[in-house]
Amino acid sequence: MPPGAARGDAWFDDLFRAHARAVHRYLLRRGAGEDAEDLAADVLTVAWRRRDELPEGMELAWLYRTAGFVLANHRRKGRPVPVAEVPDEPDPADPAVHAVRDERVREALGRLSARDRQVLLLTAWEGVTGDDLALVLGVSRGGADAALSRARSRLREVWAAD
Amino acid sequence: MDAPRPDAAGASDQEADVDDQQHPHPQPGDAGDDEAFARLRAADPAADARLDAGALRAEVARRTAGDGAAPRDGAAVPPDGATVTTLAGRRRSRWLQVAAVGVGAALLAGGGGYAIGAAGDGGDDLAGTAGPIVLGQGGATGLSGAADGPETAAGADAMRIAPGFGSGRAEFTAQGLPDDAGTAHTWALDAASVFSAETVARVAAALGVTGEPRLQWGAWTVGPDDGSGPSVSLQPDGTASVSYYDPTRDPWACTASAADEPGLPEAGGGTEGAEGTDSTEGTDGAAPAPGDVATIEPGLVDPGVPVDPSASCDPAAGGDAPTGDAAVAAARDLLAELGVDPDGFVYEVADAGTPRASTVLADQVVDGQRTGLAWNLTLVDGGVQSLYGGLAPLVDLGEYPVVGAATAAARLEDPRFGGGWGGVMPLARAEASDDAAVTADPSADPTVPPTATPGAAIAWPVQHVTLTGARLGVTVLYQPDGAALLVPAYELTDTDGGTWSVVAVAEEQLDFAG
Numbered sequence: 001m002p003p004g005a006a007r008g009d010a011w012f013d014d015l016f017r018a019h020a021r022a023v024h025r026y027l028l029r030r031g032a033g034e035d036a037e038d039l040a041a042d043v044l045t046v047a048w049r050r051r052d053e054l055p056e057g058m059e060l061a062w063l064y065r066t067a068g069f070v071l072a073n074h075r076r077k078g079r080p081v082p083v084a085e086v087p088d089e090p091d092p093a094d095p096a097v098h099a100v101r102d103e104r105v106r107e108a109l110g111r112l113s114a115r116d117r118q119v120l121l122l123t124a125w126e127g128v129t130g131d132d133l134a135l136v137l138g139v140s141r142g143g144a145d146a147a148l149s150r151a152r153s154r155l156r157e158v159w160a161a162d
Numbered sequence: 163m164d165a166p167r168p169d170a171a172g173a174s175d176q177e178a179d180v181d182d183q184q185h186p187h188p189q190p191g192d193a194g195d196d197e198a199f200a201r202l203r204a205a206d207p208a209a210d211a212r213l214d215a216g217a218l219r220a221e222v223a224r225r226t227a228g229d230g231a232a233p234r235d236g237a238a239v240p241p242d243g244a245t246v247t248t249l250a251g252r253r254r255s256r257w258l259q260v261a262a263v264g265v266g267a268a269l270l271a272g273g274g275g276y277a278i279g280a281a282g283d284g285g286d287d288l289a290g291t292a293g294p295i296v297l298g299q300g301g302a303t304g305l306s307g308a309a310d311g312p313e314t315a316a317g318a319d320a321m322r323i324a325p326g327f328g329s330g331r332a333e334f335t336a337q338g339l340p341d342d343a344g345t346a347h348t349w350a351l352d353a354a355s356v357f358s359a360e361t362v363a364r365v366a367a368a369l370g371v372t373g374e375p376r377l378q379w380g381a382w383t384v385g386p387d388d389g390s391g392p393s394v395s396l397q398p399d400g401t402a403s404v405s406y407y408d409p410t411r412d413p414w415a416c417t418a419s420a421a422d423e424p425g426l427p428e429a430g431g432g433t434e435g436a437e438g439t440d441s442t443e444g445t446d447g448a449a450p451a452p453g454d455v456a457t458i459e460p461g462l463v464d465p466g467v468p469v470d471p472s473a474s475c476d477p478a479a480g481g482d483a484p485t486g487d488a489a490v491a492a493a494r495d496l497l498a499e500l501g502v503d504p505d506g507f508v509y510e511v512a513d514a515g516t517p518r519a520s521t522v523l524a525d526q527v528v529d530g531q532r533t534g535l536a537w538n539l540t541l542v543d544g545g546v547q548s549l550y551g552g553l554a555p556l557v558d559l560g561e562y563p564v565v566g567a568a569t570a571a572a573r574l575e576d577p578r579f580g581g582g583w584g585g586v587m588p589l590a591r592a593e594a595s596d597d598a599a600v601t602a603d604p605s606a607d608p609t610v611p612p613t614a615t616p617g618a619a620i621a622w623p624v625q626h627v628t629l630t631g632a633r634l635g636v637t638v639l640y641q642p643d644g645a646a647l648l649v650p651a652y653e654l655t656d657t658d659g660g661t662w663s664v665v666a667v668a669e670e671q672l673d674f675a676g
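Sequences listed follow chains A and B, in order.
No gaps in the numbering here: position 109 of the first sequence is 109 in my numbering, and each next residue is one more.
My numbering runs 162 ahead of the 1-based position in the second sequence.
Don't read these hints as lab results, they were simulated from the structure.
Heads up, a few of these hints could be off.
Said to hold, decoys possible - Chain A side only, calculated, beta carbon under 8 Å to chain B, not exhaustive:
| no. | residue |
| --- | --- |
| 1 | Arg29 |
| 2 | Ala41 |
| 3 | Thr45 |
| 4 | Arg111 |
| 5 | Trp125 |
As the list claims (entries may be wrong) - Just a sample of chain B residues kept apart from chain A, beta carbon distances all over 10 Å, derived:
| no. | residue |
| --- | --- |
| 6 | Ala198 |
| 7 | Phe199 |
| 8 | Ala204 |
| 9 | Arg331 |
| 10 | Gly338 |
| 11 | Ala346 |
| 12 | Asp487 |
| 13 | Pro504 |
| 14 | Leu556 |
| 15 | Leu559 |
| 16 | Gly560 |
| 17 | Arg578 |
| 18 | Leu634 |
As the structure is a computational prediction, the values presented were derived from the model and not from experiment.
Note that beta-carbon positions come from the ideal geometry of N, C-alpha and C, so glycine has one too.
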């Protein structure tokens, strides 16, 4: 887009074509189930209404972050949970864990904190790294790198202890 | 600067039967791929996810249809329209069971020339009709440009640069509002009366879709469900929604890469390989000679979706869609053929981004107010390429007692009507308090906040709203069983020009059973 040009329908067309499926998968992976499409529509509606806010070149990361809020809203019936407040205790009841088909992976994930799980799934399934991971998590780049490193080493520990 | 690589389960536009073969970027703290991480990656639960992209696109278009248009010169951002209403508990994916949608979306989200007007313009809208009133999930919502609403949202507030903006907590004061209780009409949408094979057959005949009606996932459907030809479906939902899509006439369904064809309309940007996507598939090989019609290389197209070889990117192929009054006339004729009274609607023609298609929005009007029950049609030269709308007729349920405006204002602080939640993030773009964030350079580095001092009061922002205006209208309300109603609702206006909505029906006629 030329700088200063308003984002309009053509921009949204491209955004939808490029990322709608990824958003849908993000939600499916986290246990949205049959609500995944409804929630994906929510995310994309927000993207349209806030179209001037999506950072150029990091649109997908922004969409993932929004999808996280939308999903949290949905689960808690309207109370959004900022990412920084995702609890750090193990939570085997997380729907994202149940969505996983590999039983050993599921058990390992269940023994990790929600924060570790969040970071791992973003990197393993969405492939979000670096600055994009920082944007999705709402932390600094250094914080994202550190969180990822910790999460991966905890995953290794849990896996080995199986 | 890293960019997220294509979604792990395959290039974004592909039907996801593709097996995940993931090739990770090197990551911090990673000396190669340990077994745990590799197994985690392979355990992707969305590996064979399927998405009806066209239906999703149509749903987004439907939700954003009432939004104000983005100004062409990219200057000030208009306040957003209705907030997002999450559908949890209301509908469960039924709108997705559209029988057939192929690649490419026929409808556009939001503005692009719509001049319906942002919420809060009150009675100055289109053709002298007032704007639709939309309730939030809790039954009340803030539609203001300057206000936070007691409305669930995407939590986007946490993404703003300016900290402390928008607590979502608000207290309301009514000033000069009458407490004029009375009665007002309520309507039901009688979907059951039209949901039948006969209805879908009649609609299919009017649209030229061939085939026998069949019941598929609860919806009456005519036409193929693999995108190989036009199809229409009638959903078992509260508005008896109809969706029709003709992939052979989709002006955006051509699959050549737009980057190689300077003469092509920008919106006809093809699919895989087009500019800006993360697809790992390449663009077309040799650039076509000028004057050539772009051809489709089957190997470059998503193999899971049938390609219509007649969908051509050549702008000279096919004529222009009707525009302006001609488009409205065509839409009116079509609605009449579908058994809907065209006089009950106001019409708006939107710029679809290509001369080969026009989008017409027809919003149903009741008592001089647009209801938000709308038809969305995409017209092309010689016919209609897609349409979405509800066939359920309105049935007058009679007069219901309604509270006065002052009582309605008090409901905004009543948790039973969605008020007083606290901590709910706004969706509508704020003007005043957001200026600092908006005008600040978005790429500027954040700075550390000053540390609080002993004994200092702790900031606990609460928005103070003074309501001075009220308009009694109607809003679309879905019951827990999916039934749809038009119920009386107030649109309340505050001193900043923001609007808030709340249901008007008196308590004795509300069933609060949880």
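Here is how each hint holds up against the structure:
About 5 Å separates the beta-carbon of arginine 29(A) from the nearest beta-carbon of chain B, less than 8 Å, and the hint is met. Against a cut-off of 8 Å between C-beta atoms, the interface hint on alanine 41(A) holds, since the closest Cβ of chain B lies about 5 Å away. Below 8 Å, beta-carbon pairs count as interface contacts, and threonine 45(A) has one with chain B at about 5 Å; its hint therefore holds. For arginine 111(A), the suggested interface contact is broken, since its CB lies about 12 Å from the closest CB of chain B, more than 8 Å.
Because the closest C-beta pair between tryptophan 125(A) and chain B is about 5 Å apart, less than 8 Å, the hint holds. For alanine 198(B), the shortest C-beta to C-beta distance to chain A comes to about 4 Å, within the 10 Å cut-off, and the non-interface label is violated. The Cβ of phenylalanine 199(B) does not lie farther than 10 Å from every Cβ of chain A; its closest approach is about 6 Å, which violates its non-interface assignment. Taking the minimum C-beta to C-beta distance to chain A, about 7 Å, the non-interface status of alanine 204(B) is violated against the 10 Å cut.
Every CB of chain A lies more than 10 Å from the CB of arginine 331(B), the least distance being 13 Å, so the non-interface label holds. Distance to chain A confirms glycine 338(B) as a non-interface residue, since its nearest Cβ pair spans about 31 Å, more than 10 Å. Interface exclusion of alanine 346(B) from chain A stands, the closest Cβ pair being 28 Å apart, more than 10 Å. No Cβ of chain A comes within 10 Å of the Cβ of aspartate 487(B); the nearest lies about 22 Å off, and the non-interface call holds.
Proline 504(B), annotated as away from the interface, keeps every beta carbon of chain A farther than 10 Å; the closest lies near 26 Å. The Cβ of leucine 556(B) lies farther than 10 Å from every Cβ of chain A, with a closest approach of about 25 Å, so its non-interface assignment holds. Taking the minimum C-beta to C-beta distance to chain A, about 28 Å, the non-interface status of leucine 559(B) holds against the 10 Å cut. Interface exclusion of glycine 560(B) from chain A stands, the closest Cβ pair being 32 Å apart, more than 10 Å.
For arginine 578(B), the shortest C-beta to C-beta distance to chain A comes to about 14 Å, beyond the 10 Å cut-off, and the non-interface label holds. Under the 10 Å C-beta cut-off, the non-interface status given to leucine 634(B) relative to chain A holds; the minimum distance is some 26 Å.
Hint check: violations occur at hints 4, 6, 7, 8; the rest are consistent with the structure.
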